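All chains should be modelled from the sequences, with the hints used to inform the complete structure.
Just so you know, the sequences run in chain order U and A.
Taking the numbering used here, the leading residue of the first sequence gets 125, the next gets one more, and so forth.
Taking the numbering used here, the leading residue of the second sequence gets 21, the next gets one more, and so forth.
A hint or two may mislead.
As the list claims (entries may be wrong) - Computed list of chain U residues with no C-beta within reach of chain A, every gap over 10 Å:
#, residue
1, Gln208
2, Lys220
3, Arg283
4, Leu413
To be verified - Residues from chain A that face chain U, not an exhaustive set, calculated with beta carbons under 7 Å:
#, residue
5, Val126
6, Glu180
7, Ala221
Claimed, not checked - Straight-line distance between alpha carbons at most 25 Å, and here's what the computed DMTMM-like set of lysine to aspartate or glutamate pairs gives:
#, chain 1, residue 1, chain 2, residue 2
8, A, Lys205, U, Asp199
9, U, Lys403, U, Glu360
10, A, Lys111, U, Asp466
11, U, Lys392, U, Glu355
Simulated from the structure, these hints should not be mistaken for laboratory data.
Note that the coordinates shown come from a computational prediction; the quantities given were computed from them, not determined experimentally.
Even for Gly, the Cβ is constructed at its ideal location relative to N, Cα and C.
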Amino acid sequence: MCVRCDMLTRRSLLVGGGAAAAALHTGAAQARVLPQQMVPLVGPGYRPTERDEQGLWKEMDRVEEEIAGTNLLIDNPRIGHYLQDLIGTVGGPAAKDFRIYLLRIPEFNAMMFPTGFAVVFSGLLLRMRNEAQLAGVIAHESGHFLRRHMIRSWRDQKRKTDILAIGAMLAGVGGAGAGVYLGDYVQLAQLGTILTLFQYSRAMEAEADAMGAKLIAETGYPPIEMSNIWEQLIGEENASARYRGKHRHRGSIFDTHPSEGSRMVDLKADAAEITVPGKAYDNHRARYLTTIGPIRQMLLDDQVKLNDPGASQYLIETLAQDGWNGLLRFYEGEVWRLRNRDGDELRAGQSYAAAVAYPDAPADAWRWHGITLMKQGRTVEAKAAFSRYLRMKPDAPDDAWVRQMAG
Amino acid sequence: MNRKMILLVAAAAALPACSSVGGGDYGFSNYSLVRVQRQRVGDGSLTVAAARPWNRHRSVMFEDIRQVEDWTLNGPYLDGISFVTGLKDGKSLIRQRRTTSQQVPVFRSNMTPPEIAGMIEGLYRVRGGAVDFRTLSLQPRPFLGTNGFQLDYEHLDDDELWRRGRVVGTVVNGQLYLILLDAAKSHYWDAILPDFEAVVASARLSS
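Below, the structure written as structure tokens:
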């Protein structure tokens, strides 16, 4: 269900105490699942025939209805169609049956529900460097559906807990205080609780990884991008922890479980195995950036304003590996401004000054450039920057204050 | 503001309330009455007079730092006024651990109104569960006899409710003073705004 289930399970253990322990899977590392072995178990137009699965579908229809109507949905028809087309391409035999919803939540996550609808968080779109990476995540999620992981894990849970109705299980899990970690954001449709019920085993995650790699390779995306996603995620979490003087995994319960690193290694091996020499693969970076272009500033804003400087700086630098621009330089400055340690004001000012040298610098870069100059006593230059800001953003909500500064 | 915390506090309050016999002012409560008379708020360096009785509640939104005090009329999910009184350079609006990944920015004495506005936005995004935060206006406004500012904003929180806020603030002798209104956008904002404005108009630095 979730891209980050391994990690999420471990986090929720910390949050929920022992309640989640039953869902954890122990044991030694297992052999890699080979992409070639991954055969879809459902075809187009799948409908459940057994009673317990039918009951589950009925419950999930209600959840989907709630998600489809929430005001957390990002209402951008172009991006909506794009995501629908993407899952329609890499979704295997069930491709045309899937639905996909984009929620505005600044966390790296995506999840698939038993009836074939997927939820993608906006924080995921920010972190993907190209379409191939996004396709990889979506294909991984599709893999869970195609391999019938939800109903398998649901039946497994039911056997263990001896509770028959999903409603009772939801109440039970909720009451026990367990929950999959979704940031602190989602109260919607009891998502965290539902995801806890469908926690996948490591074997299932391995299957979904292998299936996902196979699906994207078949549709012409470079399969190596699947392991690149993990590399980026691990890098970001390390950077975040380092910044706050923590160690990511060391000396904790995490040590006894396989790291995302092992998934990354397996995915690298998958990629080497299924890449066909001489075949042309395309990560469609340009198409991806053009599509998310209209909301990219919003995505960066949502992340950077969480003031997690390690993670944000890592993310910006990762995205900038494809080239710096005014938007990324501006948000680099925002990271320093919000961190606000000694010397950060100067660093932020340098980033704003660098940002406004690019033609794509957002209006806000000019405003903050102006504020920095004003604080440095460079009044004339500050006024010019403020004027530029107001020209670029005539309906600026702070125009009364800025006009006073611009004199 | 952090709604999970509110629920926890509410649950903690409920138990002693159930066990108290005879009611009245006995037992533990998170709320106390704010009477219609001039009174000190926060760390005592600010006085205000409310036009009708309010409920002072144990700090939830900002957690308990001495310089902050929270009031509500209909409960903190629906409306509230917070006072920030004399917050010093290098301090943040809430208590937070050094190792917490996401942090509310700290206040600096030399901050301009847009920087203070950014700090307030951070509070909502980092601690309030806001997924969307829109600045509606930022304008100069005299406050406590100084050149202060007024910030208007609205935010969509993780409980899928839009709320609206107004902050009137200023920096006096390097210390931050704010009065902040936050209320559900439908009904409560309009209903409570006149009260907030009256409180702001009555605010004086205590000598």
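(request) List in ascending order the numbers of the hints, as given earlier, that are violated by the structure. (result) 7, 9
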